[in-house]
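S.K.: Following the hints, complete the assembly by docking chain A onto the known chain G.
Those protein sequence lines, which keep their order, are chains G and A. Here the working numbering = 1-based position in the first sequence + 3. Here the working numbering = 1-based position in the second sequence + 5.
Hints listed in this document are in silico derivations from the structure and should not be mistaken for laboratory results. Keep in mind that this is a model prediction, so the values were computed, not measured. There's no promise every hint is true.
Sample of chain A residues lacking proximity to chain G, with all beta carbon distances greater than 12 Å (derived) [unchecked claim]:
hint : residue
1    : 41
2    : 56
3    : 181
4    : 191
5    : 272
With a cut-off of at most 27 Å between alpha-carbon atoms, the simulated DSS-like pairs for lysine-lysine come out as follows [claimed, not checked]:
hint : chain 1 : residue 1 : chain 2 : residue 2
6    : A       : 266       : G       : 71
7    : G       : 60        : A       : 269
8    : A       : 266       : G       : 70
9    : A       : 21        : G       : 75
10   : G       : 60        : A       : 266
Note that beta-carbon positions come from the ideal geometry of N, C-alpha and C, so glycine has one too.
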Amino acid sequence: MRSIFIRKTQEIKAVDDISFAIDQGELVGFIGPNGAGKTTTLKCLSGLLYPSTGSIKVFGFTPFERKKEFLKQISLVMGQKNQLWWDLPAMETFRLNKEIYEIEEKAFQKTLAELSGLLEIENLLTVPVRQLSLGQRMKMELVAALLHRPKVLFLDEPTIGLDVVMQKKVRDFIAEYNRQYSSTILLTSHYMADVKQLCRRLIIIDHGRIVYDGDFKNLVMKYANFKIITVLFKERNLDKDKLAKIGQIKEIDLPKVVFAVPVAQATSIAARILQNLPVEDLNIEEPEIEEVIRLVFSKKKYG
Amino acid sequence: MFSVKRNMGKYLVIAKNSLQEYFTYRLNFILWRVRVVISILISFFLWQTIFRDRSQVFGYSQAQMLTYIILLTLMNGVVLSTRVFRVAEEINLGKLSNILIRPVNYFGYTFARDISDKGINIFFSVIEIMLLVLLLHPPLIVQTQIFFLSLFIFFLIMAAILYFEIGMILSCIGFWSRETWGPQFIFFILVAFLAGTYFPLDILPYPVYNLLQLLPFTYLVYFPLKIYLGTISYQYILRGFLILTFWIFTLWWVLNLLWRKGLKLYTSEGQ
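The following block holds chain G by itself, in its conformation from the complex (with noise of 0.2 Å):
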């Protein structure tokens, strides 16, 4: 039976005749516009919802049969919802996910003593969870969902609703276990942070069907292929139309200016401003990811 498990690549069919593989270990970002199927997605491949058309493989397995085998092997997050007991401490779900999961007591204690110290979440295992903070709540699922060490992870919006600073842990902690336990996820998030720092590689989908799956870099450079320049002037007074002639503005509030330029050229345009302006500060950035995601979806070159 293991050798079935431990293959190199796991094949994943999803909704509307798209197929990805991923490999063991990749952490793959799932975005597109809301009610795109991300989720459904997710709820397909974890074998919640039935497929009315087509069949979806997750390593061999077909997950809506939900063969035990297949189960204890996989793992969904849903930042929106609650599957701790709500008026019990933690630790009492982690128990029944012990006996659910048929985890040694050994193996347990070393995970949970692992997982709530990446999270520093030790003093409130005892609390009952609806006394807990929407933060430290979702650090709680993360355990009751990772307790059984699953090859494959899904999260469905796991930072939603957190603070910034919160946002920033949980995204730490996903890079973190991926890292040490080399385990597969497959993440969806509205908060481009989270896709930019966690995943290499995106799945952008769109009405079920997948408009963009590759490298994090490439789709900035095949879909934004300019830089930003943002520039802060002494002075307010300055001739609209000379700025123009620098490069594309897309934004003018003076004395703050900001230019959209193509890649080559973004330093000897800067170098240009720089000696015939008279500049606050100047700033050369990437073009935001969410901005990149807006043309994928106006340009709609899908492919």
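M.R.: Relative to the frame of chain G, chain A by itself:
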């Protein structure tokens, strides 16, 4: 079957957690017990009054009737205490996903939750029965024959299984409709009447009583109590056993069918 102990562990922890959850809502529980006791007291005093100037009513002696009424609280604990009706809500709110995603049998999970529910209700009903007996000194029938007592326990367990199936089937409505409370409420009232939680069913007109015996509800409360009282022929017990077995198997089949069909429609929505 390879790891019975393991599986037991699973369901034990579920039962233990449910029990612990119960203590969070102590007041709710106590009020629920008060409600049960009050309804028993009402029936009790009503029948006591009826028996004041006669020794037999509908073929029941006062002791038989009052035993029936008092044992109803035990029946409430063993058979009718269940949280299976929450399943409909869990389907509608998408909470079912939490269980579906794990390698655990959902029916087993629900039944384990029910065990703790029943356990705590039985515990309280026994205390209540002792108090009622001590305070009211009613004439009672104490069944001493092992045969009837063991049959009584056997049919109690069967009744609990039957009620579980009926409750699960009604909860399956949740897959098709968001409005599950209405049908369930009507069902509660029907059960209260048809199962004999107000009075023994054989005081009804014979044709009605005869018809009721073909329905599953009779076997939830009336039938086991009748066996406890011992006023029942072997032939009647055998017939009851066959009808009850028929219902348990049929409803199990229906439940599995509905569940399979329902899961295909399940959208795991909510929250």
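S.K.: Below or equal to 27 Å on CA atoms is what counts here, so check residue 266(A) against residue 71(G).
M.R.: Measuring from Cα to Cα gives roughly 20 Å; hence the hint holds.
S.K.: Check whether the Cα positions of residue 21(A) and residue 75(G) lie no farther apart than 27 Å.
M.R.: Given pair residue 21(A), residue 75(G) holds - Cα atoms ~23 Å apart, limit 27 Å.
S.K.: So is residue 56(A) really clear of chain G, every C-beta pair being over 12 Å apart?
M.R.: Residue 56(A) is indeed farther than 12 Å from all Cβ atoms of chain G, at 46 Å.
S.K.: Beyond 12 Å from every chain G Cβ: check whether that's true for residue 41(A).
M.R.: holds (23 Å)
S.K.: Checking one constraint from the list: CA of residue 266(A) to CA of residue 70(G), max 27 Å. Satisfied?
M.R.: Answer holds: residue 266(A) to residue 70(G) is near 18 Å, not above 27 Å.
S.K.: If I take the minimum Cβ distance from residue 181(A) to any residue of chain G, is it greater than 12 Å?
M.R.: Per Cβ check, residue 181(A) is outside 12 Å of chain G; nearest 15 Å; holds.
S.K.: Find the nearest Cβ of chain G to the Cβ of residue 272(A) and say whether that gap is larger than 12 Å.
M.R.: Check fails; 7 Å does not lie beyond 12 Å.
S.K.: Does the claim that residue 191(A) lies off the interface hold, with its Cβ farther than 12 Å from every Cβ of chain G?
M.R.: holds (30 Å)
S.K.: Holds or violated: are the alpha carbons of residue 60(G) and residue 266(A) at most 27 Å from each other?
M.R.: holds (21 Å)
S.K.: For residue 60(G) and residue 269(A), compute the direct alpha-carbon distance and say whether it is at most 27 Å.
M.R.: With a Cα-Cα distance of about 17 Å, the restraint between residue 60(G) and residue 269(A) holds, given a limit of 27 Å.
Checked against the numbered hints given earlier, the structure breaks only hint 5 and satisfies all the rest.
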